[in-house]
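> Heads up: the protein sequence lines correspond to chains A and B, in order.
Residues in the first sequence are numbered from 1 upward in steps of one, following our numbering.
Residues in the second sequence are numbered from 1001 upward in steps of one, following our numbering.
Because the hints were derived from the structure by calculation, they are not lab data.
In this text, a Cβ means the ideal position worked out from N, Cα and C, and glycines have one as well.
Any given hint could be a false lead.
Within a straight-line C-alpha distance of at most 35 Å, the following computed DSBU-like cross-link-like pairs (lysine-lysine) qualify [to be verified]:
(1) K1176(B) <-> K1022(B)
(2) K1217(B) <-> K1176(B)
(3) K1155(B) <-> K117(A)
(4) K1073(B) <-> K1022(B)
(5) K1022(B) <-> K117(A)
(6) K1176(B) <-> K117(A)
(7) K1155(B) <-> K1073(B)
(8) K1155(B) <-> K337(A)
(9) K1176(B) <-> K1155(B)
(10) K1073(B) <-> K117(A)
(11) K1176(B) <-> K1073(B)
(12) K1155(B) <-> K1217(B)
Facing chain B, a subset of chain A residues (Cβ under 10 Å, in silico) [unchecked claim]:
(13) T17
(14) T20
(15) A22
(16) I198
(17) L202
(18) R206
(19) I207
(20) R215
(21) E216
(22) A221
(23) A237
(24) R335
The chain contents come next:
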Amino acid sequence: MRTWFNTLTPRTIFGLTLITVALLALPFVAALGGQAWVRIVNFAILYVFLALGLNIVVGFAGLLDLGYIAFYAVGAYLWALLASPHFGLHLPFWVILPLGAIVACFFGILLGAPTLKLRGDYLAIVTLGFGEIVRIFMNNLNAPINITNGPQGITLIDPVAIGNFKFSTGSTVFGIDISGPQKYYYLLLVLVLAVIAINVRLQHSRIGRAWQAIREDEIAAKAIGINTRNMKLLAFAMGASFGGVAGGIFAAMQGFVSPESFSLIESVMILAMVVLGGMGHIPGVILGAILLTVLPEALRYAVVPVQKALFGAVLADPESLRMLIFGLALVLVMRFKPAGLWPSPDRRRELAEKAR
Amino acid sequence: MSAKGEVLLQAQAVAKHFGGVKALRDVSLTIRRGEVYGLIGPNGAGKTTFFNCMTGLYVPDGGSFIFDGAPLKADAPDQVADRGIARTFQNIRLFGNMTALDNVMVGRHVRTQAGIFGAIFRGRAARAEEAAIRRRAEELLHYVGVEDRADDLAKNLSYGDQRRLEIARALATEPKLLCLDEPAAGMNGTETEALRLLIDGIRADGVTILLIEHDVKLVMGLCDRVAVLDYGALLIEDVPSIVQHDPRVIEAYIGVAA
Chain A
1 MRTWFNTLTP RTIFGLTLIT VALLALPFVA ALGGQAWVRI VNFAILYVFL ALGLNIVVGF
61 AGLLDLGYIA FYAVGAYLWA LLASPHFGLH LPFWVILPLG AIVACFFGIL LGAPTLKLRG
121 DYLAIVTLGF GEIVRIFMNN LNAPINITNG PQGITLIDPV AIGNFKFSTG STVFGIDISG
181 PQKYYYLLLV LVLAVIAINV RLQHSRIGRA WQAIREDEIA AKAIGINTRN MKLLAFAMGA
241 SFGGVAGGIF AAMQGFVSPE SFSLIESVMI LAMVVLGGMG HIPGVILGAI LLTVLPEALR
301 YAVVPVQKAL FGAVLADPES LRMLIFGLAL VLVMRFKPAG LWPSPDRRRE LAEKAR
Chain B
1001 MSAKGEVLLQ AQAVAKHFGG VKALRDVSLT IRRGEVYGLI GPNGAGKTTF FNCMTGLYVP
1061 DGGSFIFDGA PLKADAPDQV ADRGIARTFQ NIRLFGNMTA LDNVMVGRHV RTQAGIFGAI
1121 FRGRAARAEE AAIRRRAEEL LHYVGVEDRA DDLAKNLSYG DQRRLEIARA LATEPKLLCL
1181 DEPAAGMNGT ETEALRLLID GIRADGVTIL LIEHDVKLVM GLCDRVAVLD YGALLIEDVP
1241 SIVQHDPRVI EAYIGVAA
């Protein structure tokens, strides 16, 4: 273990160096297309974060969760309430982020507890309901006591700040001009690398194996002594805590939260990232999240010019055409790559056998 | 080997009905430490129901189990496994999309403790435990003779190997009582003989075995004592030579002589 770096071949060192340089340079490359693209990259990372959290519940433990966005909402609102003029509280990020993880964790258990006996479709329906309940609470908790400020949402949320170094505005670091979104990029990158490491380690551990066993055959898992109740709650709690942290960063980055950011379609999108990428396979899930965030944005920029070039005029409404193409892409992927774009080797084998 | 030992498991008037069907009618039996105990009976006699009640998958409608000096909790299969009862299933229930090795490694779950922080930070203790789990699982794969298939998915193993793998997974939980539900079903003569040797070896290691089986030759050759169930009721509990010639048993199996 201690000598892991001795086992690296020059080729992998070269590869790792290349990836590191690319990741470090990415926000400056993206900025060439405008700060909007840096923001898109940031959202891609945020969705990687969320998809990896959901992957623990859906991919590892096999529990279909359609209300995952609720935990993102909890994290976002927690940050908004504790660091905005709404209550006049301005706690630092190193207090709110762990607190967000813990509170989301609690909500994860709150959702998990009543659903322990449910599986498949039934579980999906209950989790869907939970997601909606949280959103509707956010929407209506402005009376009799104004907690969430209702549909107007909460504004002027504090950005992430270390001392006087604010992530919301640009500044010059070591002679390099760095914008707000670029700062957030590096913060998100550090966080997401930690999340990836946690996911990989969980997967290949006693806990990860127990989750897999529950996914494969719950009765057999019980019969060999796995406390399926605790293990399922742990999966919900772990997944939720990632959602909570991502939500906090989201609130800080946007400076504004409102209930409409946490609608059912968001849960569905994150689930689509997990399934499309390759359920239970970490690299696949990352790929799925990046593609499903960047593709709709790229289409946004492509739809109008392409129409003009082809027909000389904008015939179809760009927004609906964009979603049409996006939906079609999802259907095609699932038709031709049912295990996802980058499935785990085991899963690929499994589907290949079924096809035979 | 002597079958005489202290009592390991005592079933007291265990009853279970499904609607109007009385699957178990006040079944009482005693399994002693170190023996191979056979549970036989015609199809539908309630053998598997008895297993399921004992291992906590069903909640009995009456009666209780005393295991190793204390009552077994109903409706808590994981606690039953923790107490030292492991089982296999009549229709094999492996974790199909996990490798053979992972199937056995997950069997170590109940005897290990690494939690979420152990998994994430991989401290010295967690690493040592993980290595021990792997080592033990490899030993058990070797013990049942499927070490060559360690990295194959469980569902791709041959039928006989799946049965053996399921036994290895059960043994990984360090059971005091190993319950095998028709382990020889669907096996050919050679496989059955290999299974007999395996069960003999497990007994020699000091594990008590409860065996549900249809293969009468296997049961009579292997078991120290045999119980016969018919229509959910216990007919007889005795050594094989007596059970074999009991008129009630013959009647249950082949009907009344004309």
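> Out of the numbered hints, which ones does the structure contradict?
13, 14, 15 and 24
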